[in-house]
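**Q** Given next are the chains, with one letter for each unit.
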Amino acid sequence: MTELSVPSRELAEKLLTRLSGKDVVTACSADPYSGSVNYYIYSFEEMASFLDVDMDSIANMAGTIHFIDPEVLEKWIRNTYGDEELADAISEQTDVYKNCQDSVEYHIKQLSIINPVKELLVRRLEQCREILGKESKV
Amino acid sequence: MYGHTGKIARINLTTRSIGTIDTGDYESWGGGHGIGSAIFFDLCKDKTIDGFDPANVVTIMSSPLAGTLAPTVSRTEVQGIGVQAYPIAWYTRSNFGGRFSAMLKAAGWDGIVIEGAASSPVWINIVNDKVSIEDATGLWGMDTWATQQEIWRRVGGGSVNFDDWWDVAGSRDAGRTTQRPAVLANGPAGDNLARNGCLVHDAGAGAGQGGFGGVWGSKKLKAVSVIGTGHVKVADPKTLMDVRLWLARNHYLNVDDPVRQPSTGGVGMGGLAAGRSTPSVDNEPNRVTGCSSCGFPCKRRSESGTFNDSQCVDQNYWSGAGLSVRDMRKATDMLQKAGVNVYDVSGFRGWMNVLYQRGELGIGKAIDSTPLDFSQYQTLSFAEKWLDVLCRREGIGNDMAEGVIRAAKKWGKLEEALETRDLNYPQWGYSAHWSLPQVEWCYGSLMGDRDINEHCFSFPHWTAAYTVGLQKEGLTAEKFVKQLTGKMVPYEDDMFMLDYSWRNGREEITGIYSEHRAKMIAWHRHHTRFWKQSMQFCDWAFPNFINAQNKDMEGWTPYCEENTYKAIMGKEMSYEEGVEIGRKIWNLDRSIWVMQGRHRDIEKFAPFFHNQFFQPFGAVTVYQDDKWQYSMEPFMHIDAAKFENWKTKFYNLEGWNPDSGWPTRSTLEDLGLKKVADELQSAGKLG
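So the protein lines, in turn, are chains A and B. With the numbering used here, you'll find the first sequence wraps up at 138, consecutive numbering, no jumps. With the numbering used here, you'll find the second sequence wraps up at 687, consecutive numbering, no jumps.
If you're looking for bench data, these hints aren't it; they were derived computationally from the structure. Please read all numbers here as calculations on a predicted model, not as lab measurements. Any given hint could be a false lead.
What the hints assert, rightly or not - Just a few of them, taken from the derived set where beta-carbon distance is under 10 Å, the chain A residues facing chain B:
id, residue
1, S20
2, A30
3, D31
4, S36
5, Y40
6, F50
7, I58
8, H66
9, V72
10, Y81
11, D102
12, S103
13, I108
14, Q110
15, I131
Glycine residues also receive a C-beta, built at the ideal position from the N, C-alpha and C atoms.
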């Protein structure tokens, strides 16, 4: 996993702020039974908790995928929070599928980076809480 | 008579009279939904009444194949005028699994017909041939689990140990069993006429869609209990066993020696490793369970007893809202006990939270949420409180019990929410499902009465596209399409039925607005009306077009369906003949909707469905650049004008007047439905 440098106190506070209005971002869940369901995500913390893609479960038709387009996530983190380092780290992960021509292969590779991206978010959240002295809940 | 028991209980709650209907009078309809619709048509004289009207007729139908070793058919079809759909609460259906259907047959009944409304709460007690209407005063308002437990106690006379043999009617000669009564119970939501009230059997088998909980509430009907010690006559038991063994040997997942690793095929491809779709929590021990006679049990029971039998969307009641998986499961149990339809409320509570976040809903806000404090939204106690106020219609709960669409209308938010997709409910007030890109799902729902909830095509598409291993073994998109359409009689030569192209010029030639798609939708509607809702082969296993545990990837459809039917019923029924009976049933249902107010002009999707939105999941097959390929289509949406043209193609194919969408006399008479044509004509609604 990409090492993230310690964020400033100002950035940490911003990342733990609850959002409203245009800053709220849409993620979604899906499973073979229920279809796709949208969720509005109101905070960085919620996003870190929400995301989860078990690649085995996709082929097994078991469990639920919690997903966001990584490029949407990258822009959200860059533009809403101004966390350039984290956004760059996510962007780096997207390199694995950017040149895929086959739409299914593209999608599967997109799914495959969600959990590594989640780890980045969780790590960032822990850093923020360490700085601000709050206990990690994720 | 094989398969059928020969009689259907006819119970009038107003007059408290109990009679029988001869199943033979309706045998041409197959069973299940077909017979249910035919009886409804005959007994419900005014089809335009409200679902809460005492004159509404509710049928609860088994399958002629249930109560035998036929795989997956222990399902029960509930029909009648619903209270959920919007703007017109259509005549509708819901279906649940478990052991109710098999038990009904063991008691000697093919179904139950409920007419009228009681003046005080009642429950129906069926013990073999004996049917009685019992006082439910003490049960009213009780949750669905407690109701079932209390009825078990009452049927057993308070002294029966259900872990051992017991005499069901007080004497050994009257029949003995080791089984508990199978009870279909209404919850406190339905008792209070909630439009999202549902009926629950055992821990988590539920008839959710349609609002039948509310309908039962209006009839003061709390539960139906059945215990039987008889059996179903099977014409050729050996052949039935042979079919079952053929399935097991050639298509089931053998965990010790799988043809392919389980990761190369889920339930839609056959060979489900049972109980897999609900992840275990903290490695909690659990065991697999399923409906009576199922060959692919999909449920589980846990050591802690939480989340038992809840297998499908019910787990989404409070998902994505910050609860731990363990608490989500507890919330789901609360939902089952309240008897509330998850499909109406999971989107509802999420949308209410959106309104709260925007400052439009909350205690003292424009939409006053009293007594619900949405600052507690991410807690289990709030999920419980949310259900409680709905069930009791307390404060904002009075709006919530009207269902999400009617609440949105009352709050002045409906038009906006269906424009922005804040409410992802594309047709008739029913939530989206696999509506896109699996267009057969949204088209079928709009041409029908509800979210169709039929995974016939979405399961195989999901697995084939996501399972690279199968593709490497030769399951190309072309082979996939050929194999599926090859079984879609009588249209089996038309591969373009599965071309999901929606732009780039092919959409009206071979894609989703073409005549090929009209054939596909027609096949799907007809097929499921018979094989899935009348014979009641489970949606999660049938049809089996492709099977990963078969060496050649050949699915068991139609061999299994045809030979199971023949073995039990003692007569031939080809797959195509079943589809044709399904067409008759579909046209009867369509005629009832027409009487209720259906017209081409109102068969329109919610506005958001015509805007581009991002829906990343669901691979489909498309024909592009002169070849078939699997494709993700995350931006697929419906072009309103092209869809209108498609409707004309579909109506013409079905033999309906393209100006109105109403069946014509010649179509109905060709199907043997002259009396239906006559009734439509009397109503001035013949196409």
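**Q** Output the numbers, in ascending order, of every earlier hint that fails for this structure.
**A** 10, 15
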